[in-house]
Amino acid sequence: PGDTRNPTHYYLVDLRRREFIPIDVPAVALEATGGMLFSPDSRTLAMGVSKGLLFYDMESRSLSPVLAGQHPRNQFLIPAAFSTPRTLVALADQLEVNIVDVVERKIVHRHEPGKKYWEGTFRVSRNGARVVLYHVRGDVLEVLDGTTGERVGWVCTYYCNRPNNTFVDFAVSPNGTAVAASHSTGAAIWSTDADALLAPLFDPHRPLLKR
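Residue numbers (the numbering used here): 327 to 537.
Just so you know, the hints here were simulated from the structure itself, not pulled from any lab data.
Some clues are possibly wrong.
To be verified - With a Cα cut of at most 30 Å, we get these calculated BS3-like pairs of lysine-lysine:
no.	residue 1	residue 2
1	K441	K377
2	K432	K442
3	K377	K442
4	K377	K432
All values derive from a computational prediction rather than experimental measurement.
Kindly produce the complete structure, drawing on both the sequences and the hints.
See the structure below:
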């Protein structure tokens with residue numbers, strides 16, 4: 327239903343009231359669809375669209391103007407986690423991390439990984455306290471504070487002794503204090519703030535790898 331000229335439509339379904347609520351997103355922002363995320367108090371819906379971020383107020387049912395990103399090649403932003411009720415962690419193109427004040431509707435900090443390290447993957451802890459970026463070229467995990475966007479440190483799954491150019495898959499603990507990372511020679515749990523090995527992970531049904 328709705329205007330067929332737009333390729334994408336947004337709707338809310340109120341399950342308690344059994345109500346179907348369309349969200350009138352401007353057509354200019356609908357070139358691509360990113361992600362959607364509710365604030366912890368469910369009062370704000372953050373929406374990542376092709377031109378930046380939109381915020382929908384659940385009480386007034388009003389949509390904010392587009393908060394544009396600053397990346398020169400693409401302004402696409404994906405809301406990832408709320409580190410506080412008013413602080414949103416959002417991912418832009420090429421591993422650019424934005425810390426957004428939801429109340430003021432502005433980007434308060436932007437972390438750019440640099441031209442050599444824009445390829446990789448991105449994870450955020452459930453509580454938004456820690457952002458972890460995997461840089462393929464450096465083969466290292468970079469840890470950011472989810473509230474300020476400042477770098478906390480690094481996690482070197484190969485002890486930073488040589489570039490391996492091996493994709494590392496990883497998961498951040500819900501509270502952000504640890505990261506479990508796997509690579510070609512095994513898997514382990516690391517501290518995000520101290521780059522300390524907390525525990526190696528072994529499969530009891532398989533022999534240890536030898537080099």
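Now for the hints, and whether the structure bears them out:
1. K441 x K377: Given pair K441, K377 holds - Cα atoms ~22 Å apart, limit 30 Å.
2. K432 x K442: Holds, because 27 Å separates the two Cα atoms, which is no more than 30 Å.
3. K377 x K442: holds, 25 Å
4. K377 x K432: holds, 14 Å
In the structure shown, no violation is registered for any of the earlier numbered hints.
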